Every structure is written in C-alpha cells, then in structure tokens.
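Chains as they are written, first to last, in the numbering used here: chain A, 145 to 400; chain B, 145 to 400.
For the record, the hints were derived by calculation from the structure and aren't laboratory data.
Careful, some of the hints might be misleading.
Pairs involving identical chains hold if they fit within one copy or between any two copies, as the list cannot separate such chains.
[Unchecked claim] Below 20 angstroms or equal to it, Euclidean Cα-Cα: the simulated EDC-like pairs (lysine to aspartate or glutamate) are: (1) Lys381 x Glu393; (2) Lys245 x Glu219; (3) Lys259 x Asp346; (4) Lys293 x Asp328.
Predicted model, so just to flag it, every value in this text is computed and none were measured.
Number of protein chains: 2
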Amino acid sequence: MEAIGSVAIIGTGNVASHLGTALFNEGIRISGVYGRKSNEAYTLSHYWNSEIITDLSDLHADLALICVSDDAVNEIVSFLPSGMNVAYTSGSVRLDSFSIKNPIGVFYPLQTFTKGKEVDIFEVPFLIEASLENFAQELFDLASKISRKVVFANSEERTFYHIAAVWVNNFTNHLSYQAKVLLDNQKLDFDLLLPLLRETVDKLHHIGPLNAQTGPARRGDQRTIEKHEKHLAGLQKELYMLITRSIIETYRNDKL
Amino acid sequence: MEAIGSVAIIGTGNVASHLGTALFNEGIRISGVYGRKSNEAYTLSHYWNSEIITDLSDLHADLALICVSDDAVNEIVSFLPSGMNVAYTSGSVRLDSFSIKNPIGVFYPLQTFTKGKEVDIFEVPFLIEASLENFAQELFDLASKISRKVVFANSEERTFYHIAAVWVNNFTNHLSYQAKVLLDNQKLDFDLLLPLLRETVDKLHHIGPLNAQTGPARRGDQRTIEKHEKHLAGLQKELYMLITRSIIETYRNDKL
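With the sequences and hints as input, model every part of the structure.
And the structure:
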C-alpha cells in the first residue's frame, strides 16, 4: 500500500479551495485543477503551483478528488481515466450509486466552508469510505494529515450524519434567520442575540442538549407560549407551535 | 439622581448568583439575599458578605433586584416595603402588570445562565425599562457597570427580544437535541457535529443568516430532501418537512 502523494482537484468552489489548500500546506502535491470557471481554476492553480486540467481523461495523479455538487459527481467520474483512484466529498451520494470500475471512495468533510473565511481544518471531522479496503486506508491516512478527527463511515451512516448536519447547520441558521426577521420588522437589533446564540452552543456542548433545554416549552408555561403565538403569524407561527410541541413531547414524562 | 450603591438580591438561582456576583465584583454592596432555599442563600450571602433576608418587608437597600421565575415576580413585589425601588430580571413580564406604587423597573439580561459555568457578563446585553425616567437612568447606569451593551426597551420590544431569544436559544438547542437522538439511535457520534455547529454560528455572525443559508432546501434539491424524509418518522419528520418548507419559501423568488 502506497501513500497518496499527489492529488488532482476537480472543482473550484469552497470545498475544493479549502481542501486543496489544506493538502498543499501538508506537502501533498496538487498536480492539477479542473473547473468550469477558468478564472477560479487559474487562481487556484497559481496558488498551488498546479497545472490546469482541460481534459479529464488525461489526468495524472495518485488521486482525483472530486469537489463538485452532488448532481455532478456521477458525470465527472465517467470522464476520468479507467483505473484511476477517485474520491468525492459529498455527504449524500452513496458509494454504490456508481457503475464504474475505478477504485472509488468518499472523503467527506463534516463542515461548511465559506469563501474567504478560514476554518481550522484540523478540527473538521472527515468521514471515509471506499470500495476497496486498501484504498479506504489510503484515504484515511490522507485525511489524517489534515485533520485529527477521521472516521470510517459507510453510506448509510454518512446519510445519517448528513441529515444531522442539516439540522445543526441549515436548520439552526434558518431559526436565526426567523429571529432576525422578527426583530428587523420591529426595527430591533438582532446582533443583541449573538452572545446568547454563542452561549447556547457552548452550553449544549458542556452539558448536552437534553439537559441544556430551558424556556417556556420546557417549563410547560402555557401563558407565555400563548402570548408569543399572538405576536407571530403564518409560517413563523407554525414553526413556533411545532417546535414548542416537540419540546413539550420530549419532556412529557419528566417531573417539571 | 443618585447612583445605586447597594442591592438586595431576591432569589438564589442562576440569574441571581451570576448578576449578584457581577455587581459585587464591581463594588456594589449586596446588602442582603433572600431565597426559599436556605442553603443556597447562605452560600451566596457568605460569598457576597451579605445578610440573609428573612422578612421581605424589612429590607434595606437602594434596590431590590428580583431574580425569580416569571410566575413569582408579582407575589414577591407585593411583600416589599412601599416606596422601595424594585427591578426584576424577567423577559416576559410586562411593566404595566403591577398594581403597586413602588418605582419599578426591568433589568433583563439577554442571556442563559448555567450553574457553575462562567459567562462573560460584559458581553451580555441588558434591556432596561422603568416606570420613572430617573429610575430607568439609574438602572441603565447600574447595568453599564457590568455590561458594555445596555439598551432601553419597552415591554413590547422586550417581548419581541424574548421571542427571538426562544428561537435562538430554546429552539436551536432542541434542533441539536433532535440531531443527537437521530445519531444516538444509529450508535453514531453527535460530538462530530460540534465543529459544524460552531462554524454555523460564526458564519451567520460573519455574513448574516440570509446569506449563510446552504443545504438541500436552499438548493431546492428535492431528491436529497425526499431521501432524508425516508430516514425520519413522527415529529422529527414533521419538523424536517416544516423547516424545509420554510427555507424553500424564504428563497422562493431567488434565482438558485
């Protein structure tokens, strides 16, 4: 089993640029960059001292790392040289959804990446899976160069992590959006909520979300709940009512 | 107008102990502590070098600061000496809900406090309101000794901040709880989600929640949404579907 020493990066988005840079900084050679947006490919290739790939079937690297949207992964894979090691970074694409013969694997960072915003990649968990055991180990070792939290996870397990990530990232963000809309409509200042949001995360980290729960729904404080509902309308009210019901259900058998 | 130099703390819970300690550390004299739990009152009185209050009608301080549950505020107030300055720390009790003649005000910290967990009180926003303008200013000045974010807010505005706090704190925590249940049921590790949760908060702080939104609902990726729904049941599925619908509605008129 040989270590992966060179990687071709397919894609030029946030995942591509963060992962490529992390690998480059750890001494992995980024042999080439492929992207539909030639400006971005040029910028990254310059930064990583890489070639620009124009023909996916003529690609030279120990690994082709596909950092494109879920929908495009399958098509990209079909263009790659047969026999080439391939990995992709998607949370929701199953490993058994490919019909190719190439060794194929998953190199999934459980994190959101934002253009121009640094992330401590060493703290980002990587979920690894591959069609061949040796190749899975090579991907594990590669991820371990840039992260201290690398785990094997099969496609079904990865799906559950992906759903949980939707709750923790997408849905949490949307709740803050709803809170901001509520305050914006009253010309009040959403930024005053940010220390509370940070402490919420600290606290649930500290004592776990089951114990960290507080508030009117947790107390079964119907008077406050009804007062709040009177201040809400439409989808905001539906959301408030359903999440409140779910909290009440969670603690139904507790002594309050 | 005179500055508030001494405070009697009514209550011995997390709000009482955090606020009392913050005021004590800034040189405010905590003249007395009142609590139903005599052990806790004793501990706090020892720490703050205060008397234990046994009779609420015999209370000596520039301010009685009531840090008890919403339901108990009104009753406590009725026992206090007439003429005494009174403030309470509740987000949801309206100032006009009292029938007493005392100068009365609100000293509401927009934060969650956990026993044994330190909070940087200087970053905690305080919402101030009072029945008399002079008294409001005195409460504002007192809060400014322990926090750099003090604002005046009337009862209606405070209600909206309180609702927003429910979204940002109670509901966010519950989403993490649901994500944890989902992973626990599969014997997977919720702790792997914590870096993502932290980055979610950082990111929405950085670029605002409207721009920070990502994920299947944001992309209108029905295939992934349906796949996720198949992995969920009961209230979890209802929550997933409603929040997803709310995100789709939010961006309905955007080009994707």
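Which numbered hints fail
none
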